[in-house]
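J.: Sequence:
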Amino acid sequence: MKFFYFGAILVPIHFQRHFVTVRFLTLDSTEQYLHSLINYEQTFPLGGTRSGLKLEPCLNAAERLGLDLRLPHCVHVAGTKGKGSTVAFLEALLAPDCRTLSFTSPHLESVIERIRLNGRPLDDALWCRSFSEFVPMLERDPAIKLTYFETAFIFYLWAARELKPDVHLVEVGLGGRWDATNILKDTLAVITTIDYDHTEILGNTLTEIAADKAGIIKPDSHVIIGRQPDEALVTLKSAVLKAPAQAL
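Residue numbering for the sequence shown follows numbering that gives the first Met the number 0, starting at 0 and increasing by one per position.
What the hints contain is simulated information worked out from the structure, not anything from laboratory work.
Capping the alpha-carbon separation at 20 angstroms, the derived lysine to aspartate or glutamate pairs in DMTMM-like fashion look like this:
| hint | residue 1 | residue 2 |
| --- | --- | --- |
| 1 | K53 | E199 |
| 2 | K217 | D67 |
| 3 | K184 | E62 |
| 4 | K144 | E55 |
| 5 | K80 | D194 |
| 6 | K217 | E55 |
| 7 | K80 | E40 |
| 8 | K144 | E40 |
| 9 | K217 | E207 |
| 10 | K53 | D140 |
| 11 | K217 | D185 |
| 12 | K236 | E207 |
| 13 | K163 | D96 |
| 14 | K236 | D219 |
| 15 | K241 | D229 |
| 16 | K241 | D185 |
| 17 | K144 | E30 |
| 18 | K241 | D219 |
| 19 | K184 | E55 |
| 20 | K163 | E112 |
| 21 | K236 | D194 |
| 22 | K80 | E230 |
| 23 | K163 | D185 |
| 24 | K241 | E230 |
Take the sequences, apply the hints, and build the full model.
T.: Have a look at this one:
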């Protein structure tokens with residue numbers, strides 16, 4: 000068997016139709032690949048300005064891979080407090096009747112925690128097999144350059160095609176408007192309590208922060224707004240009217 004170095008990872012290869020297929024045999028090897036990418040969860044773009052955040056890379060990757068951005072029954076969760084717990088609550092609430100697939104961040108111990116099927120991380124073997132299929136397809140186009148978070152989210156969409164959940168539960172990573180997850184269309188937006196967070200990126204006032212998080216509200220969609228400070232609530236209500244959308 001032949002081997003080659005893929006970044007810092009030694010992986011076996013075989014040839015099919017004249018292109019290389021990368022095989023990630025362990026979860027650690029997939030994490031090493033992701034850690035080789037730019038990670039804005041650790042270092043903010045362009046010295047901490049939102050100008051480094053764009054949707055085009057993920058839109059281009061999704062188009063290149065033929066991924067559907069209109070996911071069936073997709074709940075898109077933004078906010079400062081309670082995003083992860085909201086996703087976990089919905090997983091538990093829907094568990095008896097629905098097959099759920101969730102995307103959350105960050106993870107505690109392993110990247111595999113970011114994608115959960117029915118509340119549980121994907122099986123290691125399934126993750127590695129799917130990742131081995133995903134990466135070569137993604138890297139066929141050298142113009143596509145994704146960050147750690149963007150790659151993890153596009154991989155979620157890739158895995159979703161095989162897993163076919165009834166409901167998607169997607170947590171925003173940072174803000175809302177320019178977050179990679181905001182390439183999704185026709186979502187039910189949920190905005191949990193807003194507070195001061197990532198002010199160097201989102202702004203120094205609750206109005207600015209709320210405006211960025213309200214960017215996940217799509218025209219002709221439905222929105223659920225959690226308990227909010229008055230300043231944030233005014234901004235969110237204005238965004239609902241402007242979309243226009245319907246607050247539940």
